[in-house]
Amino acid sequence: MNINEVCTFLKKYNGRDLYFMEICGTHTASVCENGIDNLISEKIHLVSGPGCPVCVTVSEYIDRLVELSEIENNVIVSFGDMLRVPGSKYSLNDARAKGADIRMVYSPLELIEIAKKEPNKSFVFAAVGFETTAPVYAELIDTALEQSIKNIRLLTSIKTMPAAVDKLCTMNKKISGFLAPGHVCAITGSNAFIPLAEKYNMPFVVSGFTAEEILCSIYALVKLQGKGVVKNLYKRVVKEERNEKAYSLTEKYFEPCTASWRGFGEIEGSGTAIKKEYELFDAQSKGIAKDSKANNLCRCSDIVLGMASPKECPLFNKVCSPENPQGACMVSTEGSCFNYFVNNRG
Amino acid sequence: MKITLAHGSGGKSTSELIKNVFAKHFSNEILNMMEDSAVVDSSKKIAVTTDSFVVTPLFYRGGNIGRLSICGTVNDLLMRGAVPKYITSAFIIEEGADFDELERIAESMAETAEEAGVIVVAGDTKVIEGNGGIYINTTGIGFVEHDIKSSNTKCSDSIILSGNLGDHHAVIMSERMNIENEIESDNAPLCEMVFELMKNNIEIHAMRDVTRGGLATVLCELAESCSLQFEIEEDKIPSSESVRAFCKILGLNLLYMGNEGKMVLTVPSAQAEKAVEIIRRCRYGENAEIIGSVKEGSGVVSVTKLGAKRTLSVLYGEGLPRIC
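So the protein sequences, as listed, match chains A and B. Read in the numbering used here, the first sequence has 306 at position 306, and its numbers run on one by one without any break. Read in the numbering used here, the second sequence has 1024 at position 24, and its numbers run on one by one without any break.
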């Protein structure tokens, strides 16, 4: 079957309404950039899920970063996406405008050289992410220990996907299948999603990120309706088993914990925290759980659960835009609202 | 040797800096008079533009802040159908900047100015406290040959892009992230291709250089100024394999990446093939392509290779700071 036949099938599909959730921010961006929803039947609905790490981070985390930035000699180091996310009152950019030292990096490992150059400063890395980023944070700690660098700490909000997808299935009953996250699966292995596929009797298709790969995965999801199976269509990157090399590094410094997700609340076993014996690297990440909105009408919490589409939010394209984001989903390039906005997806 | 605050004092060190770096490389009749202002001839309408350059790092594969500071301003003059003639250069230098690096920057500016056919007629140097940074402002003056305006685009015009997208953006990111690859910045003055198009009587309706914000942003601005719709075909957009791979790995969108030696223009569709051939024969134009056409309507529509249509918007968010 070639891609045109796949497109014809998906365009002509006229069965019951199907709701497929993508749980990777890169999938959300690719779906939007490639206009995938124009290529498929109106009966197939693509729903964005909790795949953007910045979007599922609770506001208290930002508040805590802002507090840390106000302490003399502290420097907050972060990925760019995080800087504009509103906390309950301020964003890191607001803190920077008031004089806090906040720096943007592309990789956590850049912090090693920065910290060595400025030994009198105390650096706090805003460590958000999923299974994919955790090994890099482990490498950061590993390198800091090896080189006896003592002025680095992490404020962690690192999350793991399967437990959150489990909870999502109990909250959002509409979903008929998942585009499983290609990058996360490269670490967890595709087998990590078998228990969920069986428990909820729905298909999970591990997908790559090109338009063709996503369309083929949607085709597989349609064909596998009613079956509790995992199908891996991204075999050149994703194996069935977990990536032992990544896990052995992560598990050296981190352990599973309960994590707080925007929209979901607390989920047991859905986070990764620094182990007690390495607590010198932890900028007191425990107990961050509160989520309050900068704007009460913001529907980010429903949007990350796929219970509302960005266009159903009363603020979307009115008060809330990438220039003036009211919630994290409009800030991050992986956020649903941002992608719907810049690609005029309806 | 490092630049110190004394080099900006206006005294002896300043005049030595000017003599040993700027006067040495920029030498010409007008500048050498060392008067308080330059007096130049003009019999035509003049175009004026100014731009400041804050790129970091100062040196990158394929260019440096000096070459960039000439190209950026020269290209802005060309886009209005003006022949670039004179340029001014103002340096703001942080103490601690390296003297040799400053000289290499000035040398590169002089070479690029010569390539672009402009002379540096005035300049200024200030030294401030800081950490070795160098910032340059250039102002350019050109003589207008054809008054080219964004609003002149007509329905059914063809849209031409002068070459591969994304090189400059990818180089700056690679340098900052210590990623090794073969990509070089496209940093170039576009004089030859613009002059050749004019010489061959191509009726250029609108012309813009594709810099920060990328192609999508420039097309949105062009579409808005003529109240028509720009439709482009995504698989016609030229880019190198290395840049495409780079974008894939880092999740970047080619349409929003910054460039420093590319232009997009609208011409009557009957002249489009000829215009592309002319550009391809010129230096920096070998990968030029017709990427789409202008229709009734508004906004920018992109047709993907699978036939899906989507509307493009301007760049939102920060893009990559300090790219030029």
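Check before you lean on any hint, since a few could be wrong.
As the list claims (entries may be wrong) - Straight-line alpha carbon distances no greater than 35 Å define the calculated DSBU-like cross-link-like pairs of lysine-lysine that follow:
| no. | chain 1 | residue 1 | chain 2 | residue 2 |
| --- | --- | --- | --- | --- |
| 1 | B | Lys1236 | A | Lys43 |
| 2 | A | Lys318 | B | Lys1295 |
| 3 | B | Lys1149 | A | Lys11 |
| 4 | A | Lys11 | B | Lys1236 |
| 5 | A | Lys235 | B | Lys1248 |
| 6 | B | Lys1126 | A | Lys231 |
| 7 | A | Lys121 | B | Lys1002 |
| 8 | B | Lys1295 | A | Lys43 |
| 9 | B | Lys1305 | A | Lys117 |
| 10 | A | Lys290 | A | Lys276 |
| 11 | A | Lys223 | B | Lys1236 |
| 12 | B | Lys1149 | B | Lys1044 |
| 13 | B | Lys1236 | A | Lys173 |
| 14 | B | Lys1248 | A | Lys167 |
| 15 | A | Lys245 | B | Lys1248 |
| 16 | A | Lys199 | A | Lys223 |
| 17 | A | Lys43 | B | Lys1002 |
| 18 | A | Lys12 | B | Lys1305 |
| 19 | B | Lys1149 | A | Lys231 |
| 20 | A | Lys98 | B | Lys1044 |
| 21 | B | Lys1248 | A | Lys43 |
| 22 | B | Lys1248 | A | Lys231 |
| 23 | A | Lys239 | B | Lys1248 |
| 24 | A | Lys235 | B | Lys1305 |
| 25 | A | Lys223 | B | Lys1305 |
| 26 | B | Lys1044 | A | Lys223 |
| 27 | B | Lys1248 | A | Lys293 |
| 28 | B | Lys1236 | A | Lys235 |
| 29 | A | Lys199 | A | Lys11 |
| 30 | A | Lys227 | B | Lys1309 |
To be verified - Simulated DEER-style distance windows between Cβ atoms:
| no. | chain 1 | residue 1 | chain 2 | residue 2 | range |
| --- | --- | --- | --- | --- | --- |
| 31 | A | Lys239 | B | Lys1295 | 45 to 55 Å |
| 32 | B | Asn1131 | A | Asn93 | 55 to 65 Å |
| 33 | B | Thr1056 | A | Glu72 | 23 to 33 Å |
| 34 | A | Pro119 | B | Gly1307 | 55 to 65 Å |
| 35 | A | Glu251 | B | Asn1020 | 55 to 65 Å |
| 36 | B | Asn1287 | A | Glu72 | 16 to 26 Å |
| 37 | B | Asp1041 | A | Lys311 | 58 to 68 Å |
| 38 | A | Cys169 | B | Thr1056 | 41 to 51 Å |
| 39 | B | Lys1295 | A | Arg236 | 37 to 47 Å |
| 40 | B | Gly1010 | A | Lys98 | 33 to 43 Å |
Derived from the structure by calculation, the hints contain no laboratory data. The beta carbon of each residue, even a glycine, is placed where N, CA and C say it ideally should be.
Outcome of the hint check:
no.: 1; hint: Lys1236(B) <-> Lys43(A); in the structure: holds (32 Å)
no.: 2; hint: Lys318(A) <-> Lys1295(B); in the structure: holds (28 Å)
no.: 3; hint: Lys1149(B) <-> Lys11(A); in the structure: violated (42 Å)
no.: 4; hint: Lys11(A) <-> Lys1236(B); in the structure: holds (25 Å)
no.: 5; hint: Lys235(A) <-> Lys1248(B); in the structure: holds (18 Å)
no.: 6; hint: Lys1126(B) <-> Lys231(A); in the structure: violated (64 Å)
no.: 7; hint: Lys121(A) <-> Lys1002(B); in the structure: holds (26 Å)
no.: 8; hint: Lys1295(B) <-> Lys43(A); in the structure: holds (31 Å)
no.: 9; hint: Lys1305(B) <-> Lys117(A); in the structure: violated (48 Å)
no.: 10; hint: Lys290(A) <-> Lys276(A); in the structure: holds (23 Å)
no.: 11; hint: Lys223(A) <-> Lys1236(B); in the structure: holds (34 Å)
no.: 12; hint: Lys1149(B) <-> Lys1044(B); in the structure: holds (18 Å)
no.: 13; hint: Lys1236(B) <-> Lys173(A); in the structure: violated (43 Å)
no.: 14; hint: Lys1248(B) <-> Lys167(A); in the structure: holds (32 Å)
no.: 15; hint: Lys245(A) <-> Lys1248(B); in the structure: holds (24 Å)
no.: 16; hint: Lys199(A) <-> Lys223(A); in the structure: holds (19 Å)
no.: 17; hint: Lys43(A) <-> Lys1002(B); in the structure: violated (68 Å)
no.: 18; hint: Lys12(A) <-> Lys1305(B); in the structure: holds (20 Å)
no.: 19; hint: Lys1149(B) <-> Lys231(A); in the structure: violated (55 Å)
no.: 20; hint: Lys98(A) <-> Lys1044(B); in the structure: violated (49 Å)
no.: 21; hint: Lys1248(B) <-> Lys43(A); in the structure: holds (30 Å)
no.: 22; hint: Lys1248(B) <-> Lys231(A); in the structure: holds (24 Å)
no.: 23; hint: Lys239(A) <-> Lys1248(B); in the structure: holds (21 Å)
no.: 24; hint: Lys235(A) <-> Lys1305(B); in the structure: holds (24 Å)
no.: 25; hint: Lys223(A) <-> Lys1305(B); in the structure: holds (25 Å)
no.: 26; hint: Lys1044(B) <-> Lys223(A); in the structure: violated (70 Å)
no.: 27; hint: Lys1248(B) <-> Lys293(A); in the structure: holds (34 Å)
no.: 28; hint: Lys1236(B) <-> Lys235(A); in the structure: holds (30 Å)
no.: 29; hint: Lys199(A) <-> Lys11(A); in the structure: holds (30 Å)
no.: 30; hint: Lys227(A) <-> Lys1309(B); in the structure: holds (33 Å)
no.: 31; hint: Lys239(A) <-> Lys1295(B): 45 to 55 Å; in the structure: holds (48 Å)
no.: 32; hint: Asn1131(B) <-> Asn93(A): 55 to 65 Å; in the structure: violated (22 Å)
no.: 33; hint: Thr1056(B) <-> Glu72(A): 23 to 33 Å; in the structure: holds (27 Å)
no.: 34; hint: Pro119(A) <-> Gly1307(B): 55 to 65 Å; in the structure: holds (57 Å)
no.: 35; hint: Glu251(A) <-> Asn1020(B): 55 to 65 Å; in the structure: holds (60 Å)
no.: 36; hint: Asn1287(B) <-> Glu72(A): 16 to 26 Å; in the structure: violated (53 Å)
no.: 37; hint: Asp1041(B) <-> Lys311(A): 58 to 68 Å; in the structure: holds (59 Å)
no.: 38; hint: Cys169(A) <-> Thr1056(B): 41 to 51 Å; in the structure: holds (47 Å)
no.: 39; hint: Lys1295(B) <-> Arg236(A): 37 to 47 Å; in the structure: holds (40 Å)
no.: 40; hint: Gly1010(B) <-> Lys98(A): 33 to 43 Å; in the structure: holds (35 Å)
When each numbered hint is compared with the structure, violations occur for hints 3, 6, 9, 13, 17, 19, 20, 26, 32, 36.
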